Amino acid sequence: MTLFIEQCLNGLQFGLLLFMLAAGLTLVFGIMDLVNLAHGSLYMMGAYFAATFTALTGSFIAGAVVGLAATLVVGMAVEVIAMRRLYGRDHLDHVLGTFGLILFFNELVRIIWGPAGLSLPLPGWLQQPLSIFGFQYSAYRFSIIVVSLAVAAGLYLLVMRTRTGMLIRAGASNREMVGALGVNIKLLYTLVFGLGAALAGLAGLMNAPILTVQIGMGENILILAFVITVIGGIGSIRGALVAALFVGFIDTLGRSYFPDILREMLSPTAASTLAPALSSMLIYLLMAIVLIVKPEGLFSAGQR
Amino acid sequence: MPFRLPPLTLRNVVVALVLIALALLPVYSQLAGDRFALTLFTRIVILALSALSLNLILGFGGMMSFGHAVYLGIGGYAVGMLAKEGIYSGFIQWPVAILASALFALVTGALSLRTRGVYFIMITLAFAQMAYYIVSGIARYGGDDGLTIYKRSQFFEALNLSSKTQFYYVCLVILYLAIYFLYRLVNSRFGMVLQGTRSNDARMRAIGFSTYRYKLTAFVIAGVLCGISGILLANQGDFVSPSMMYWTRSGDLIIMVVLGGMGTVAGPVMGAIAFLVLEEILPILIKLGGVPFVGASAAARASEYWMIVMGPLLLLVVLFARGGIDGLLNLIGDKFKQRGRS
Amino acid sequence: MRRTLLAAGAAIILAAGPAAAQNKTIKIGFVSTFSGPTAVIGNDMRNSFELALDHMGRKMGGIPVEVIYEDDQQKPDVGKQKTEKLIESDKVDFVAGYIWSNVLLASLKPVIDSKTFLISANAGPSQIAGELCSPFFFSTSWQNDQTPQAVGLYMNQKNVKSVFLIGPNYAAGKDMLAGVASTFKGKVVGQELTTWPTQLDFSAELAKAKASGADAIFVFYPGAAGVQFLNQYAASGLKATMPLYTAFTVDELSLPLQKDNAIGVPGAQQWVHDLPNEQNKKFVEDYRKKYPGLRPTYYGAQSYDAAQLINSAVVATKGNLSDKTAVQKAMEKADFKSLRGGFKFGNNHFPIQNFYLQDVVKDASGELSLKTVATIVKDDQDRFAAKCPMK
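Chains as they are written, first to last, in this note's numbering: chain A, 1 to 304; chain B, 305 to 646; chain C, 647 to 1037.
Honestly, I wouldn't trust all of these hints.
Calculated lysine-lysine pairs in the DSS-like style (CA-CA distance at most 25 Å, straight line) [stated by the list, open to error]:
#1 455(B) with 970(C)
#2 468(B) with 761(C)
#3 468(B) with 755(C)
#4 936(C) with 468(B)
#5 455(B) with 964(C)
#6 979(C) with 455(B)
#7 388(B) with 970(C)
#8 755(C) with 388(B)
#9 1024(C) with 761(C)
#10 468(B) with 1017(C)
#11 928(C) with 737(C)
#12 761(C) with 388(B)
#13 737(C) with 983(C)
#14 1033(C) with 983(C)
#15 983(C) with 468(B)
#16 737(C) with 455(B)
Derived from the structure by calculation, the hints contain no laboratory data.
Only a predicted model underlies this, so the values are computations on that prediction, with no experimental measurement involved.
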């Protein structure tokens, strides 16, 4: 039972982390109608910035805050320099152009930080296990859950309760109309893209201590974020949250329980090889089914 | 429709020269003692075939598939798995690989073509990733580690695929046949309808064409052609691994098509050559070009970062040179023609 | 083409006198990982290989040596392509290196087909020790199962009754877990293989290990994954209840990042930097002198031995590398002073050697360092040698 609770917490943590990444992606996708493959690169930049600034300042929190700001700036710069020119073009152009940006960012990181990658060590107080209701859980993972929930709540308030949020919602449902209303659409786009970049950077820097900071770290997780965006409905933040939790739970619980089920039928090695593949596959299967049955996703922005 | 030779334009002359040069490459390799050139160009010819197949649906059919590399994997793994089970005969391996590719294309195509736009991109990606995870999940066939193929496909005594030169010509002949086949196909009634759906699907349906069937047929043909290049790739490398069908590989194929020029038969061949040769040469160019400015060691270091040139180059092609190499050649050709007239 | 000419030329000259058949340079291709989080391992191997060449005056048997380093990016398909390029384009006489068993397995065929000698300075997959063994393959490291087998024996000594195994899901990971299970006398209560090399989050596996109630955990995580595992193991609070036994997880490269988390975590190794022989002392001292701030590891020591092995063959054949049988016979003698104090080759060209228990201690300067504690097993031969058809 404790194992199940622990795995659920792990699934929740992974799901929330994916949500951070997917939230930015779905906003950019929904409002600017831009397929941004370089979103994973911003995730990577966040991790690299945080690792660098933590080493410089000697404080994890300070490093994270400065790193987050730096990612926001990079995101807005990318929007102004490159992305702006891709709006309104077809999706093939988006895929190609942003694929080119991935190559660019990977090499840029290699030049600046070298090929070896960095590590982002945790401060001592986050390394200790935390005792909740009599069982132990990693304090850092718990803090990821807390921070992500806070961000999700903040995002909800921003989108639902502020004027900017109203414009964002309007933009996701009907782009032309917002422009026609005389809103400074250029500035709105830059802001939204910067917000998405910051969220991706936050996900990257929060994941960095669990993983290592390395070139190409965004490429695996980027596709997962796209899956979530599509399952949840393009442009829908609520959909992204639900879908991210789905994916987080499927991945974690699948990895955990499939081997035991499969071991009844297969050798341990075969079962251990098949299990993670099966849980990853399930996620894509879910997306394919959603696309076939309800192509606009679970919560489509247009209908909300 | 009788076969008509393409008109004599600069673009067609260049294409013809490139195709002839490809046929002469083993001679150069033999004379210069450069065995690596043959290995490199075998890869190029094989990937040109897959780019060619992608172009049928992407360039002519307007179907933006983001999972085309999956057929490299299916063709490759069909060969690899059968070889692992001790079946080396090409008469079994190749038809199985082709059938598997066709079946996968038929089923996933039938489902994917119900969606459009960005959803089509995503669903083709999803199916490719599923296949990726299936093969990386089977321990018997190496999982993530990949699978070494100890004997290449066997046909007759006379045909030895293990000979580098013979294998190169097998690949090249298949490429020639595919170019000819696609040239005929896109200029046929079928090809016209397909190109019609690209520009305006609704209108084609209104005229009374079942565009879904046309698109699905093209999707399956493209899958089979790419499956064949998967067979060749597995034989060339004596090795298959899931990374053959990872999504970034599909991205590479799209780049080759766009770099060469979408919607022209020979464009992707030029794109594949340009992409793979650039990959080998760009580092050397940076190295040589940088020496007078920054010194030898710094230039050598800079040459490792050739991707930083490639990435923005790609973005520039997207933004400013949509026709790719093909479009460029046509442009230059037209310029010459105009000058000749005036 | 050049090679066949050379061979033909060599055949003619051979009649006149063997000394004239020498190569102009000895070309060695070195495939390892020089990018990504495990690049530190590749760099250590390169550093040690370069140091070995320095010690030889950058000549083998009087012939200058040229080394071409290639990055396999830790990917089997890339490693294989780079190996092919070294053989076909650079026309090397030897290929060496290879950290990862899956990269080595993928690269083996082109090397053997071209009759080039390959010296693995780290990876030792069971397949190559057994049915895939080849006259052209030599290892200066170990067969994958050997080191964990020694750990299994040590756990028996420590009276461990049950163990939970965790390792990466690739060729070496499977070998390692099978190795420890083959000598461990207690019960293996669970086994987890994780996606390699992308999975660095071991929360699910640690939770299952905890739930299994085993006496101990055994892991194999080389490079950055080892740092992550140890830190997550410490954070999960298991350290007090379930002791950890390791193979290739704690080394001089990972220690500075694992810090105090590594104290009290035992491992087994065939080479530790404090082995008391002359050539080893020279190696460790000169390494620290040449690369200030760095410490040599077993990866480096094995690479150093690989350079020595190649040198011994070049010297013995007087640089006449076209006589493949003579080169093979020369290498089989292992006629050089190994940093681990000598070993001999078994029929499958894997070393027969001792394995030691290593522990983490604070050295005189207060820094964490590895220390040889005891000899676990003497003159150990891998358990696949009998499957190899070579005699």
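Original post:
Hey, residue 455(B) versus residue 970(C), does the alpha-carbon distance stay inside 25 Å?
Top reply: OK: residue 455(B) and residue 970(C) at ~24 Å, within 25 Å.
**OP:** With a cut-off of 25 Å on the C-alpha distance, tell me whether residue 928(C) and residue 737(C) pass.
**Re:** This hinted pair is violated, its Cα atoms lying about 33 Å apart.
Subject >> 25 Å Cα cutoff - pair residue 388(B), residue 970(C) >> reply: With a Cα-Cα distance of about 30 Å, the restraint between residue 388(B) and residue 970(C) is violated, given a limit of 25 Å.
Subject >> Hint consistency between residue 755(C) and residue 388(B) [alpha-carbon to alpha-carbon, up to 25 Å] >> reply: 15 Å, holds
Subject >> 25 Å Cα cutoff - pair residue 936(C), residue 468(B) >> reply: 45 Å, violated
Original post:
Quick one, are residue 455(B) and residue 964(C) close enough, alpha carbons at most 25 Å?
Top reply: With Cα atoms ~36 Å apart, residue 455(B) and residue 964(C) exceed 25 Å; violated.
Subject >> Distance restraint between residue 468(B) and residue 755(C), which requires alpha-carbon spacing of 25 Å or less >> reply: With a Cα-Cα distance of about 15 Å, the restraint between residue 468(B) and residue 755(C) holds, given a limit of 25 Å.
Original post:
Is residue 761(C) close enough to residue 388(B), meaning Cα to Cα at most 25 Å?
Top reply: Roughly 23 Å between the alpha carbons, so the hint for residue 761(C) and residue 388(B) holds.
Original post:
Is residue 979(C) close enough to residue 455(B), meaning Cα to Cα at most 25 Å?
Top reply: 32 Å, violated
Original post:
Given the proposed pairing of residue 737(C) with residue 983(C), does the C-alpha separation stay at or below 25 Å?
Top reply: 29 Å, violated
**OP:** Would you check the hint for residue 468(B) and residue 761(C), treating anything up to 25 Å between C-alpha atoms as holding?
**Re:** 16 Å, holds
Original post:
Given the hint that residue 1024(C) pairs with residue 761(C), does the C-alpha gap stay at or below 25 Å?
Top reply: The hint is violated at about 33 Å.
Figure legend: structure checked against the earlier numbered hints; hints not met, in rising order: 4, 5, 6, 7, 9, 10, 11, 13, 14, 15.
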